[in-house]
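Residue numbers (our numbering), protein chains in the order written: chain A, 34 to 579; chain B, 53 to 243.
Since the hints were made in silico from the structure, they are not lab data. Fair warning: this is a prediction, and the values are worked out from it, not measured in the lab. Ideal Cβ placement from N, Cα and C applies to all residues, glycine included. It is possible that part of the hints are untrue.
[Stated by the list, open to error] Counterexamples of contact, computed for chain B against chain A with all Cβ distances above 12 Å: (1) Pro161; (2) Glu162; (3) Phe163; (4) Ser165; (5) Leu172; (6) Leu184; (7) Pro185; (8) Trp190; (9) Ser196; (10) Arg200; (11) Trp234.
[Claimed, not checked] Here are the simulated distance ranges between beta carbons: (12) Val209(B) to Pro131(A): 18 to 24 Å; (13) Val209(B) to Glu568(A): 48 to 54 Å; (14) Arg264(A) to Pro179(B): 54 to 60 Å; (15) Glu187(B) to Leu104(A): 32 to 38 Å; (16) Gly571(A) to Met186(B): 39 to 45 Å; (17) Pro156(B) to Pro131(A): 42 to 48 Å; (18) Pro179(B) to Gln134(A): 42 to 48 Å; (19) Val63(A) to Thr193(B): 40 to 46 Å; (20) Val209(B) to Leu68(A): 51 to 57 Å; (21) Glu536(A) to Ser171(B): 57 to 63 Å; (22) Asp238(A) to Val209(B): 55 to 61 Å; (23) Leu104(A) to Val178(B): 19 to 25 Å; (24) Ser388(A) to Val209(B): 42 to 48 Å.
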Amino acid sequence: MTLRPGIARSESIGAFRRVPAVSIETNRWVVERALRYDIGWFDYASADEPLESSGDSDSLGLNSVLPKGNLLRDLAVTLQPPIGALASGSNILEWPSPLLQYQREGVMALITRPALLLADSMGLGKTIQSIAALRILYHRSEIQSALVVCPAGLVAQWRSEFARWAPELTVVPVQGSSTERGRLWRVPAHVRLIGYETLRGDVLDVRDSPALRQTLDVVVLDEASRIKNGRSGIAVACKLLPAERRWALTGTPVENSLEDAVSILDFLVNNQSVGRHRAQITANGSDVKAQLRAYQLRRRREDVLPQLPSKRVNEITIELPPAQRAVYDRAEQDGIIQLTGRESTTIVHVLELISRLKQICNYDPASGESGKLADISERMTELVSQGDRALIFSQFVDDMFGIGRLAHHLKPYNPLSYTGSLTMQQRTDAVAKFLKNSDHKVLLLSLRAGGQGLNLQAASFVFHLDRWWNPAVEEQAESRAHRMGQTKPVTIYRYICANTIEERIDAKLREKRRIFQDAVDDATLDISKMLTESEVFGLLGLGKPR
Amino acid sequence: MPVPYRRTPRAAEVGQAAYLDIVWLGADRVFYGGLLIIDGKGQPLEFVHNQVAAPLEAQLITSDESASGLLWPERMVRQIGIPLLTHSLFDACRREPDLLVCLPTLGTPEFCSAEIAPSLPFAQVVPPQDDLPMEWNWINTPPSSAMRATILSQELVRRGFTIEPFERLQDALRLVYPQASWNCLAEYDDA
């Protein structure tokens, strides 16, 4: 946004001269100087336009910081379209899909309240509501800088959601070496994204912390339960951040654990009458609950059920943790070298390497790291806490990378497995157990064996640990839960690891979407029906041998 | 050979509308006025404001200190003050809007047409009242259906930017003239 005062002129008319004895007095007409202001705005059709940044002290630009009460800033805010119009479907701001009514209410709450705990049930779009609120606030010139703190594995996900829901905002992930992060804290940006541990380091371990020197208008904590231990470095770092507006996002009902609530509330009220609020927060449970009611907005899925579509698909982009990334990169490089060094390379060899790389995307045996499993664990905690159950599909059934690994990882949730290695009776028993006993929170299925024919409406969350070549196969698997008799909206999570073979396969499949539309009834597992050999070789940057 | 594509009109191509509002604060004997220019999506582009102080009633002071006579009757104050202020806003404005919009409080259509006399399509928006819906009335000759002003007016009505921009304008005037007696805002009777 830019705002520059203009120049004006003045004139006056109508003076009278005093006359002795009989005098006529009057004031003159006085026309003051007209003042004019240019008000900049974002051109959404050209999102790559550089942001205006003026050194003029009378202008509002990305690098200028004008306090509230400054006339230019207040005028810029006042003259923007109303918030309701910005969030509605009247296309002032274009949204990739319409914001649902409860989401618009959530956006309004975030915008109008300086501190908010958005505790909607999982799958209701807390991320979208946060991004929409930030976008509107930027549009109204009410904020200039925001920081989103999230689990490290979700930085890529937030970035892709910003690209979709607020493409005109410059979003900078603060990652990499300390020198690189120091630079990234200084580059002009509307929004910075950072992982909790990285933030902790940059706040507590760095002298003259660049994070604390930021002028932040908004701090958003995603998965706010990360700061539930108020004495942890992460919690301390988050609470030290200077910001006028503080938003905490969590899908877990905070009232289930008052200890968790205290730390989150502490973060929210940190800027406001700290002494008074601290006294209240450390008091008994009823005080904490009262505080929560003042700061929390929570909608459950059944509250907004009439407004929900029957199926919502979420594509989760996962950043591989460092050790897993190193293993993946090495495996891909070594694999390609081997393929190119062979006398004869066939499609089978290529598919073998692709399969190996997909396995590493699921799990790194050397370090035990798995970005996907970590994310699934967090989401399972939330969905189980709200009484839901899940199906997880994988094309791999082994104990290292597939169903077996999942069963081990998700033991607290009493998982059941359904794979092709089971007899028909065993498979029937597994399904019956899952349907009858809600203590089994998750059913793990191989894509081949469990992708069709089963009625599993007891689950309302579906995860695809890894992706198959044919989206129709995935949709068929999802329809195990999303079918007649389902009483809840179904939430789907499809995982892709950033900068891996999974991302390249996804991009290629999107290119060929028209083919899959035609083949929607043909949920074939035959890869050759989906991609040509050249296309498969091309996924590894190889040309098909003659 | 260029690749053909279908162009979606951008907000700037739909046009720019200027909303004009003038407020008379009798307690101050001042007209405060503003011009807000927005694009077809309601985004603000330019804001101009000014004030004009009207003369007091003239007093004929005789040797015996009695006072009589009026040089500036109230109805003439409005007849002079509104165009004076409006034209100062027009002169200061840098953009060339495609359309000018005002409220009935500015004056009758005849007054607006004769005294303000802009050389562009000029409309008056009547807010909804009781059971009556909002009205969009052209003050001077209505533009043809193909004209930019017509398309722009339809877009503004569709998006709900008929009365709302005036609210922004009035809030902005209160911001830039905090010293004015806004709490004494009075309706100005038609002449």
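Hints breached by this structure: Hint check: 16, 17, 18, 19, 20, 23, 24 fail, others pass.
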